[in-house]
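Asks: The listed protein sequences derive, respectively, from chains Y and B. With positions in the first sequence counted from 1, the corresponding number in this note's numbering is that position plus 239. With positions in the second sequence counted from 1, the corresponding number in this note's numbering is that position plus 3.
Treat the hints with care, as some may be off.
As a list, the in silico DSS-like pairs of lysine-lysine whose alpha-carbon atoms are at most 30 Å apart [unchecked claim]:
# : chain 1 : residue 1 : chain 2 : residue 2
1 : B       : Lys158    : Y       : Lys493
2 : Y       : Lys364    : Y       : Lys321
3 : B       : Lys297    : B       : Lys272
4 : Y       : Lys493    : B       : Lys297
5 : B       : Lys99     : Y       : Lys493
6 : B       : Lys158    : Y       : Lys466
Bear in mind the hints are in silico, worked out from the structure with no lab data behind them.
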Amino acid sequence: MKYLHLIWASLFRRKTRTILTLVSIVAAFLLFGLLDAVRTSFAEAGQSANGAQRLQTGSRLSFIQTLPQSLQSRMEQVPGVKTVTYANWFGGAYQDPHNQVFSFAVAPNYLDLYPEMSVSDAERKAFAGTRTGVLVGEGLMQRFHWKVGDRIPMQSTIFPDRSGSKNWVFDISGVIHSTDKKAAGFFDQMMLLHWTYFDDTTPYNRGQVGWYVTRVTDVNQADRVAKAIDALSANSDHETRTQTEQAATASWMKQLADIGLIVTSIMGAVFFTLMLLSGNTMMQAVRERTSELAVLKTIGFSSTSVLAMVLAESVLLLLLGGVIGIGLAEPLIPLISHGSNGMLALSPVGAGSWALGLGLMLAIGVLVGALPAWSAMRLNIVDALARR
Amino acid sequence: MKTWMTLLLLLFLAVVLGVWIALPWQGALVLTVLLALWLGLTRPGRRALSVAGVGISTLGQRLGSSAVIVVGIAGVVGVLVAMLAMAEGYAETLRKTGSLDTAIVLRGASAAEVMSGLDRDSIVQIAQTAGIARDAKGEPLASPETVVAANLPLKGGSADDEGSVQLRGVGAEVWAVRPQVRIVDGRRFTPGLRELIVGRGAARQFAGLVPGQPIRLGSQTWTVAGVFASGDALESEIWGDANVVAETYERGSSRNSVTVRLADANGFKPFKAALEANPQLKIDASTTLDYFSKQSEGTATVIRIIGIVVGTIMAIGAMFGALNTMFAAVAARAREIATLRAIGFAGLPVVVAILLETMLLALAGGVLGGALAWLLFNGYGASTMAAGSVGKLSFELHVTAGVLWQGLKWALAIGFIGGLFPAVRAATMPVTAALREL
Numbered sequence: 240m241k242y243l244h245l246i247w248a249s250l251f252r253r254k255t256r257t258i259l260t261l262v263s264i265v266a267a268f269l270l271f272g273l274l275d276a277v278r279t280s281f282a283e284a285g286q287s288a289n290g291a292q293r294l295q296t297g298s299r300l301s302f303i304q305t306l307p308q309s310l311q312s313r314m315e316q317v318p319g320v321k322t323v324t325y326a327n328w329f330g331g332a333y334q335d336p337h338n339q340v341f342s343f344a345v346a347p348n349y350l351d352l353y354p355e356m357s358v359s360d361a362e363r364k365a366f367a368g369t370r371t372g373v374l375v376g377e378g379l380m381q382r383f384h385w386k387v388g389d390r391i392p393m394q395s396t397i398f399p400d401r402s403g404s405k406n407w408v409f410d411i412s413g414v415i416h417s418t419d420k421k422a423a424g425f426f427d428q429m430m431l432l433h434w435t436y437f438d439d440t441t442p443y444n445r446g447q448v449g450w451y452v453t454r455v456t457d458v459n460q461a462d463r464v465a466k467a468i469d470a471l472s473a474n475s476d477h478e479t480r481t482q483t484e485q486a487a488t489a490s491w492m493k494q495l496a497d498i499g500l501i502v503t504s505i506m507g508a509v510f511f512t513l514m515l516l517s518g519n520t521m522m523q524a525v526r527e528r529t530s531e532l533a534v535l536k537t538i539g540f541s542s543t544s545v546l547a548m549v550l551a552e553s554v555l556l557l558l559l560g561g562v563i564g565i566g567l568a569e570p571l572i573p574l575i576s577h578g579s580n581g582m583l584a585l586s587p588v589g590a591g592s593w594a595l596g597l598g599l600m601l602a603i604g605v606l607v608g609a610l611p612a613w614s615a616m617r618l619n620i621v622d623a624l625a626r627r
Numbered sequence: 004m005k006t007w008m009t010l011l012l013l014l015f016l017a018v019v020l021g022v023w024i025a026l027p028w029q030g031a032l033v034l035t036v037l038l039a040l041w042l043g044l045t046r047p048g049r050r051a052l053s054v055a056g057v058g059i060s061t062l063g064q065r066l067g068s069s070a071v072i073v074v075g076i077a078g079v080v081g082v083l084v085a086m087l088a089m090a091e092g093y094a095e096t097l098r099k100t101g102s103l104d105t106a107i108v109l110r111g112a113s114a115a116e117v118m119s120g121l122d123r124d125s126i127v128q129i130a131q132t133a134g135i136a137r138d139a140k141g142e143p144l145a146s147p148e149t150v151v152a153a154n155l156p157l158k159g160g161s162a163d164d165e166g167s168v169q170l171r172g173v174g175a176e177v178w179a180v181r182p183q184v185r186i187v188d189g190r191r192f193t194p195g196l197r198e199l200i201v202g203r204g205a206a207r208q209f210a211g212l213v214p215g216q217p218i219r220l221g222s223q224t225w226t227v228a229g230v231f232a233s234g235d236a237l238e239s240e241i242w243g244d245a246n247v248v249a250e251t252y253e254r255g256s257s258r259n260s261v262t263v264r265l266a267d268a269n270g271f272k273p274f275k276a277a278l279e280a281n282p283q284l285k286i287d288a289s290t291t292l293d294y295f296s297k298q299s300e301g302t303a304t305v306i307r308i309i310g311i312v313v314g315t316i317m318a319i320g321a322m323f324g325a326l327n328t329m330f331a332a333v334a335a336r337a338r339e340i341a342t343l344r345a346i347g348f349a350g351l352p353v354v355v356a357i358l359l360e361t362m363l364l365a366l367a368g369g370v371l372g373g374a375l376a377w378l379l380f381n382g383y384g385a386s387t388m389a390a391g392s393v394g395k396l397s398f399e400l401h402v403t404a405g406v407l408w409q410g411l412k413w414a415l416a417i418g419f420i421g422g423l424f425p426a427v428r429a430a431t432m433p434v435t436a437a438l439r440e441l
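Please put together the full structure from these sequences, using the hints given.
Replies: As structure tokens, then:
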């Protein structure tokens, strides 16, 4: 620690070079911060503690196939099941079919299963009492400048009403506040309407349910409960497939894209380049300081402490740039999530990303410093001073 | 360097980059020829060339630092080209699915086939509309189709690992409506039976799609009759008889869409007009080319934007790497450059020489990155849930000439910025000070 000043001074001996190198490192770690946020938000989707208690039951045939509503009462009889709720995909869009909104037609007890969404008691009551009522996520309210009490026209991209028109009208009864910051991007953009209103209005649903959500009493029993639920409809014309929310989300994300592979290959290219670049800087730095290092050794610095100092210098360089880079990613991520209207709900840079980032900074710092530090250690004082 | 000069330089840089981004390859060719003529025929040009020659001949002694430019830029170009090739391959696969002489008819205001629904009456009326080609027996070439999803086990996953595939129930006329579909293994399905033909892409992704094998869709067992190839998005689907599929999925006599073959290639406008003139129909019609191109737009744009954002951040890193290297190179040659200027070389040849050297390195990086991306990723199979469909779409990355050119453009732009500032510093360094410097 007492040499920190010396290391700092030698690092900024050539300001232009160090700053140029730093900017490259900042860019690399900024990219790392952003991409790792993408990776973790894909990997951690549906992995909350609340999500672990929930099972999703859909049609075994395919995700667009619906299930009979009568299944609910039978599912509630399964031992280990606490509550059962259901929902349908509504496919809403506001003003323009491209302004898609995550909108579900849900059973009255839907909110009970999702403590992640909080709605004030008064507003929940208002929602329950309004046939055409909807609950809207905070972010969605802001996006379209809606207020509670507004009457809003929505298009369904799938379901027409009895007259064949796809234009629906809803009354905003309340706001959904997200209590889970990590999943906020999703619940923030959600719209919930009454399943009964939906089913009464469209001639195409006929009492069917898109999927069921079950809360289990004991998380450890989840697998057994899932099997028991699927057994209810085995060999019928509406066989079900029940998965934990976590497994369902993971398999969905996997179908979307192998994000992990893409992120890893891009970061591989970035860090390879970065190593070459900062390695070159360190080589230059040590080469031009040959005589200074020789002087250090002459006045009594041991070979190992010279080695350690050069290594510390390269690690410091990486740490400085890396911390600034990830630090820059931190405020950028909410901006991106907000700018994409919930399409890309990135989780903020977590402790895991910081730990991985710091680990990478140390590793790259040691790697690129190794060769110059080795040559500094092996430096022969007489040769170096004689500039041989 | 004085502040106003830096500002002027930045302004110049912005203008150059703006023009460069908009420049087509023909423009770049003209620029190259003009530059070559200037270098070869004018006095300052020949001087620039000889100074550049000295710089380039010493590249070997600065292998490490020169490699920073080459590898840095190769990384940027490689990632950029791979991402653009992904967008290109995705869009191309969907675009190829459509053609100008076939049209798709959906229920009005439906964003995609799966979201549409047409009842029996509408289907009959659509098929009777003027402008549809007819077969030898006089039947209109129209295929009413049911599009649904089916869960199938994924290849290489555990037994519980299921993915979604798009299942298309097709009409009897489909073979004439979509002649690009040909059976490569096995035979066609038999109408009326629970038989399927599977696309080559689907067979690659899902387990058990082998001719002669039974597969389970929900609680029912179907038999795979054959494998088909079409070279487009249809290859990611599995097909069965529309009536049987509709029965399995409780769709009754309604269908999602009707795809028709038009009587002639320019027949879409009159066909659409005839459909719209029918007051009983509430439908949207578009050529399949139009329909599938639109489906690909959103996703392809997203992939492109991600590629450009990642590329830009990487480019910033590479640019500063190049600046670093070239500043060091200029500093090392400060005396040599000062000597040249003392014996009467003007500033311009010096600037051009250093720019030439950097851009040559950048070009090498661009070519290396592009070649690597081409070797590694051209034809690389990828898949995603396609927008507007309910199944996994498999497609291949396609490194096109356009994408490679885009990558080279980026490489040269990075090289230009990386070389410009060191070059200007070299040309404006006070001669006396540089000569005195050790």
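Asks: It remains to establish, for every hint, whether it holds in the given structure.
Replies: Okay, the hints, checked on the actual structure:
1. B:Lys158 <-> Y:Lys493: The given pair, whose Cα atoms are some 13 Å apart, holds under the 30 Å limit.
2. Y:Lys364 <-> Y:Lys321: 23 Å, holds
3. B:Lys297 <-> B:Lys272: Holds, because 18 Å separates the two Cα atoms, which is no more than 30 Å.
4. Y:Lys493 <-> B:Lys297: Holds, at roughly 25 Å.
5. B:Lys99 <-> Y:Lys493: The hint holds at about 26 Å.
6. B:Lys158 <-> Y:Lys466: 23 Å, holds
Checked against the numbered hints given earlier, the structure satisfies every one of them.
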